[in-house]
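Model the placement of chains Y and B on the given structure of chain L, informed by the hints.
The chain contents come next:
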Amino acid sequence: MRVFFLTFLSFFISTSMSWSKPILIVYAPDYFTSEWGPGPSIETAFEEICDCDLKYVAGDLLPRLLIERDKIKADVVIGLNTDVTLKARTLDVFIPHGQDVSELTIPIKWTDRIFLPFNWSHTAFIFDNTKVDNPPTSFEELLDLPNDTRIIIQDPRTSISGLAFVLWVKAVFGDNSEKAFFRLAPKVLTVTKGWSESYGMFTEGEADMVLSYTTSPAYHIIAENDKTKSAAIFDEGHYFMAELVGMTKNAKEPELAKKFMNFVLSETFQKMIPTANWSFPANLDSSKLPEGFAGLPLPQKVLFYTEEEVEHYKDIVIQEWLTAFQQ
Amino acid sequence: MLTLSSIVYDVNKFRLGADFRLPKSSRVAIIGPSGAGKSTLLSIISGFTKPCSGRVILDNEDITLFAPGQRKVTTLFQDGNLFPHLTVEQNIGLGIRPDLKLSSSQILLLEAAIKRVGLSDFSKRKPNTLSGGQQSRISLARALVRDCLLLLLDEPFSALGPALKSEMLELVKDISIEKDLVLLFVTHDPEDAKQICDLSVVVAEGNVYPPVCTTELFLNPPEILKAYL
Amino acid sequence: MRLSFVGGLIVISLIIFLTFGTLLAVTFRMEGFSGLARYDWAVIKFTCLQAFISALTSLILAIPISRALVRRNFIGRRILITLLGAPFILPVIVAILGLIAVFGRTGLVSDFLGFFNLKPLPLYGLQGVIIAHVFFNLPLAVRLLLQGWLSIPAERFRLGHALNFSPLNFFKYLEVPMLTRFVPGAFLLIFLICTTSFAVALALGGGPKATTVELSIYQAFRFEFDLSRVAVLALIQFFICGLIAILSFWIALPTYQGSGLDRVIPINFQGRIVDFIFILGSALFLILPLFMIVFRGSHSLFLLPEAIFMAAFRSICVALSASLLTVVMGLFVASLLVYHSKKFEIIGYLPIAASPLVIGVGLFIMSYQWMDPARIALPAAVLINALMCVPFVLRAILPTFIDIEKNYGRLADSLRMSGWTRFRWLLWPRLRRSVGFCMGLAAALSMGDLGVIALFADPNHSTLPLEIYRLMTAYRMNDAYGAALLLLLLSVSLFWIFDRGGRLDANS
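Chains as they are written, first to last, in our numbering: chain L, 346 to 672; chain Y, 933 to 1161; chain B, 5 to 512.
Do not rely on the hints blindly, as some may be mistaken.
Taking lysine-lysine and the BS3-like style, the derived pairs with C-alpha atoms no more than 27 angstroms apart in a straight line are [claimed, not checked]:
(1) K1058(Y) to K410(B)
(2) K347(B) to K982(Y)
(3) K410(B) to K945(Y)
Since the hints were made in silico from the structure, they are not lab data.
So here's chain L without its partners, still in its complex pose (with noise of 0.2 angstroms):
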């Protein structure tokens, strides 16, 4: 008789302490929530000045929006991309961010009000600095090496950093992009799904170059004490990729939103971002920045297309691509 009654009122206290706590509803994508990503130090911050439970929700976010339209429970969705937010947009289901977006340490002009970036890199292609004696140091270059070179890069179809290649493509080489790719094509050793495919074949030795970010070689550095890994940087420039957070409008939780919002741009997470997710934050001062950031090589000249300009490119680039590859 005791022990039913203990056990009925701790599941009584239990059930209580959590109905006490808002619960903010965060869709991610698998990466972020996963132990190695950003996500979990993320919700232990948040959960210390917010007094509520964040709860994640993982999964492909773009999908996961489309089917569910208005019955979206999420309160704030991160992790969209900078190359897919117009169908995002389109569905009508975000609210404005209401940040102040002028100081953001981004390299352009952020004037999107819906989406806040809150960490950035570009893309680029890296190599084994101790086997790659002359490495490019611009597209042209690039694709003037010899043909028996071995690069990897990602589908443009399957994979985000693939759809940026493509696009970064585009944008150095306006109408010759096809040309482009037609001189890349012999020097591709394969096309893999998506980016752990790719990376994981080059550390494996198999090819010299892989398409990837500026900031991969931070994490060789900092994690594995590796200064092995370079990116190539390009007169042309490089392709510039954000991460972007939102607000929904039918959020149950509004001021747990906003709050999370403004917590996003504040000191505390955006010091999470390099080590946890290797990349740029998008308001931190480089000072703050972890050494292994700090060093590492940039391009002077950032390319970025609006989402208009995503939309009007992609079908057409990525045509080009598979005409140029299909050979």
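Just chains Y and B now, with coordinates in the frame of chain L:
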């Protein structure tokens, strides 16, 4: 005891007609040329084949539509009488209860049957470790424990040597007498028929002739049988 | 046999629901109808071509290998047979890395060729896809043919010896009828598996030429979110697979094997050296990549974070549940086919043609309105994994089941063995070997499965393959290899426990 009433089986240009009665406690040989329909006849009686018309009556019960398992008939085939993955004991036990959940009195019955056929030392072995003759005895032991009225044999001892076959036949005869069974025995060998069967049924050219006394049959075989012999 | 009828129908309905029903759910959500792009036809062509060549190669190699394994007894034979199951059950990403480590430009084979100043093997291209597919499917083909060998009664071999058969005679009179019975089904199965694979094709195929229909489905869903394209492509895949299925059924000629008494007689053919070459060759081909993973991952294995082991535990639970469920489902369908009507057989093979991605999406669409999909993620994974294995179970046990009934059905009927009794005393003892293989296969496949879980995973309830991907996405390659090794060890162990070397020499 067993009556086949106007049985007709007519499929694929093969026709068999049968109409006869067998008395209680009879031992009957079924003899005739190959392809005449002996096995089909047994199949109809045991329930694996349905006749096109007619009735099968056993002990005043019309069993024409009964499933093989429902009939009080035990059949011994030419082969495939035993489950290779079960022991001697289990194979015989299946005759008592198909789920092998035997009560203590049933276990006694099982042991008695094993002893009767002389396989007590082998009860835990699998059939493939025993000789042909011993395997035949397992089937017979199963016939012993089954609650049946009719025992059908379809040349089950054809693979055994003459002495062994003779021994098995005697065993069959003893069991039939002990359990007061009607025995139907398909054979090619007139000597087998003469050894244990007092009656004989000739099956030839699609006809099943009424039972006659065995000795008389072989003393004065009819024309159809003469050619065969 | 009413239980088998009802149970079988329930399972059949479930299969139809999960394959067609989910497709319908996806179709209902589509807006507008888009036709096929021009390059989609090239995709279809490539899909069929690589699947055909891969299946053909796998089977052609499997015949001498299985023959060699059956007639040579050597130490470690059972271990080899179990290990042969490993490639099939590896998660794709692990297998790719292993293959690259052996066949890639910096792999063992290239080093070996380098000794003779030969250029490294060109792995990336159609040949890469075929190598990878053969790597995955040759073991399956060998196992299925081994079952075929076991189905020939020992008495036949004895008869052959008595008639002084030459090896060619043995081949003609014993092996060919068996092959006619088993090869078409095996070919169909492997063809379908290759048709629906995609990550391999893309990574090793060299580029977008090597795109399969499944990849297009993946792209249409996760990237373009064009449900109409998803539905159209899924239907096309169904159609292709259906066509091949019908073709195979038309060709396959089941023959009556006759009964035997479970005796196994060793056969001493000539050609010992040839056998040895095949056994060694297949062992090297299949085991070296695994060995490379072991080599690479062993440093990190014991340093893995606790979360990985939790995920491993969860994976094991899902795997065991799925394997049990798939066997139950397979047995019900098989009994429906054997006792009632063979007409349903093709439905049992449907899951192979279906895309797990589409099934997952369909389930998601059907469920998100009423509950949090993350809650049903693990049960959905169990269900879908079980479903995907039903065709294998069916292929493995159906011929044996038919044989059992042909040889002993009459006897069992006359002894009034029906329902559970028949299963317990007749079917199960003789099916146990095949069922063990199926359970092992299903368990191992579930362990390595990534598909469904990725769609609606709860971050706190992930499975091991998902964790491997997460590690890789976070740059942590060494840990990923360690986790991959863990996955490999667990999958192979599960497979071994259930299968125990196929019990080739056992009298069950």
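How the hints compare with the structure:
no.: 1; hint: K1058(Y) to K410(B); in the structure: holds (21 angstroms)
no.: 2; hint: K347(B) to K982(Y); in the structure: holds (24 angstroms)
no.: 3; hint: K410(B) to K945(Y); in the structure: holds (25 angstroms)
Violation of the numbered hints given earlier is absent; every hint is satisfied by the structure.
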